[in-house]
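Trainee: Spelled out from the first residue to the last, the chains are:
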Amino acid sequence: MKGSRGDRLSSADRDPAGATPLLELRGLTVSVGHLPVVAGLNLKIARGEAVGIVGESGSGKSVTWLAVLGLLPGSLAVEGEALLEAENIIGASEQRLSQVRGGRVGLIFQDPISSLNPVQRVGAQVIEALRLHRGLRGYAARTEARRLFELVGIPDAERRLDRYPHELSGGQNQRVMIAMALAGEPELLVADEPTTALDVTIQAQILALIERLRREMNMSLVLISHDLSVVAEVCDRIVVMYAGQIMETGSTRSLFASPSHPYTKGLLGAAPVLAQKPQRLASIRGHVPEPWNMPPGCPFEPRCPYAMPACSAARPLLSNLAPDHQSACIRAGELPALARHGPT
Amino acid sequence: MLLFATKRVARAILTVLIVVGCAFAALRLSSDPALVVLGPDAPPSAVAAFRAAWGLDQPLWQQFFYYIAGLLRGEFGRSLLNGADVLPLVGSRVLVTLEIMIPALAIGILVGVSAGAYAALRHNTPKDRLVMMGAVAGFTVPHFVLGLVLVLIFAVHLGWLPSGGNDSWRSAILPVVTLSTGWAAVLARFTRSSVVEVLGQPYIRTASAKGLLWRAVIIRHALPNAAIPVVTTIGFMVGGLLAGAVVTESVFSWPGLGQLIVTSVAARDVAVVQCVLLLVATAMVLSNMTVDFLYTLLDPRLRGGRH
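From first to last, the protein sequence lines are chains Z and G. Each step along the first sequence adds one to the number in the working numbering, with nothing skipped, and position 181 is 208. Each step along the second sequence adds one to the number in the working numbering, with nothing skipped, and position 262 is 264.
Note that these hints are calculated values from the structure, not bench results. Note that the Cβ used here is the ideal one computed from N, Cα and C, for glycine as well. Incorrect hints may appear among the rest.
As the list claims (entries may be wrong) - A partial selection of chain Z residues facing chain G, derived with a Cβ cut-off under 7 Å:
id	residue
1	S141
2	V146
3	R187
4	Y191
As the list claims (entries may be wrong) - Where chain Z lies over chain G, by a calculated footprint (3+ residues, C-beta under 8 Å):
id	stretch
5	199-206
6	209-223
7	291-304
Let the sequences and hints guide you as you build the complete structure.
Mentor: Take a look at the structure:
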């Protein structure tokens, strides 16, 4: 199966909407007790596609992906489907999931130093993944681990294999994490805030590395971030999440050109634009509602400058604005005009 | 590294010296060994002769100097009661104590660590709470109470096991159970909290995310990290091994080191008490050094500098 790289290349070139998606989430719901943290998420990831998931902390963006791979504690209930090429992996056996995790789907986490086992050499941690998913052992595994280290840009790879995480810098540890995630030759790489814990200069390097590897290995990428600008650099498509729901999704270009949800507009306003004269950054007042305090209608309504009575009546559904652009705002069509005249 | 080791050994020797010095002073200042050994009615001439014979008439610092000099020659002193060399006496008692201590420690570690890990993996379930209730009970009941209860049940009522002495291996069972209960309880609590803490660490999620089965995550990633604080606790237990059985040995009249301490202190047989203390202090210091060494073996973060 791993040999069929050629098929994947060709399918990636096709229109993502037409091909069978690599991964499709159908009505994915994660709840604590009866309170949903992620509420009925529908999402398709095409082969070779790079999708950015953006939202404030507490918007359910990380939880979604931990739920897909069955990595959440048992106290959180997961419903719905996650179809990995038509195979639902929600509720799959531990045996099955262990083949998917680190195999077809690789994961990278936020804080690289604490995400690596402190008492194991970094090489051994990568070799462990090679043994699990590619059956490599001994010299072959070590050679492949060194190749992966070189691939992710770790200098002096041979010697670094025998280092412990505390002997490497944050950026190098994140490269180790990436090497480990690549060990199983994944078709989908899920990167959960991979640059948040790193210095700004290192952030750009790591992002560029992820982008290069995605193209070279023709992987799909899900990049989770609270930072729209990080996601925009790497991703073809952006999904804006809020309170466990998708507020807006569209191609990076159209989402930036015509943001069609007040929340997206808020996120864009909160990011500094270097090309313009420095201005006071806009902020979105209030905070993400807690699961037990969810408004009956649109979850963003209490913080929305454009809210009107109809917004709190029912939860708005995603509707098409263009073939590659959807918004869950009932005033999406009016927004450009409203923005010119200011909030009502 | 060599400097570190030299410093460590020097500090260990100093610790032992201080312990021995304090004991030396305390034993001689608290009462007069000559009067205790010869009895209050002994004629003054006999007392003076006894003092002269044992060097007790000399200034304290001089006695201590001779004592240390003797130690360096390998002479641990002679019993004030019968003039016998104390080393073989203490040595034979050590072996008797280890007869119950080693099995008790082994059982304590085995039961405690497994129970703690079991409870941690079932964190916040009724099974976890049951194990921890058992651990609290085992931890709070004093050895003499548990020992007496065991004697009452298994020796007096059921008549299955002897109540004391060390005639056969069967007489060791009750003291071993008594000692291991406390250790198992302490270790169960330590192991549980350590494993629970480690299971919450991000690298455990990483291990799952790379495709390891939960069993392998526990064995390969959780336990090696959780072992670090547990090993410290075991180290201290080993250090206190020789001195730890005073109460239990008294309850079961087990003729080990603990009993020897009690009788020698009462009889002011200072040479014996000093020898025992020297041994106990050395064991404690050695086990501490071993723990330090094991630490660096288990946790690469504590190894000095980058290679």
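Trainee: So, for every hint listed, does it hold in this structure?
Mentor: Results of checking the hints against the structure:
| no. | hint | verdict |
| --- | --- | --- |
| 1 | S141 | holds, 5 Å |
| 2 | V146 | holds, 5 Å |
| 3 | R187 | violated, 12 Å |
| 4 | Y191 | holds, 4 Å |
| 5 | 199-206 | holds (count 3) |
| 6 | 209-223 | holds (count 10) |
| 7 | 291-304 | holds (count 4) |
Of the numbered hints stated above, the single one contradicted by the structure is hint 3.
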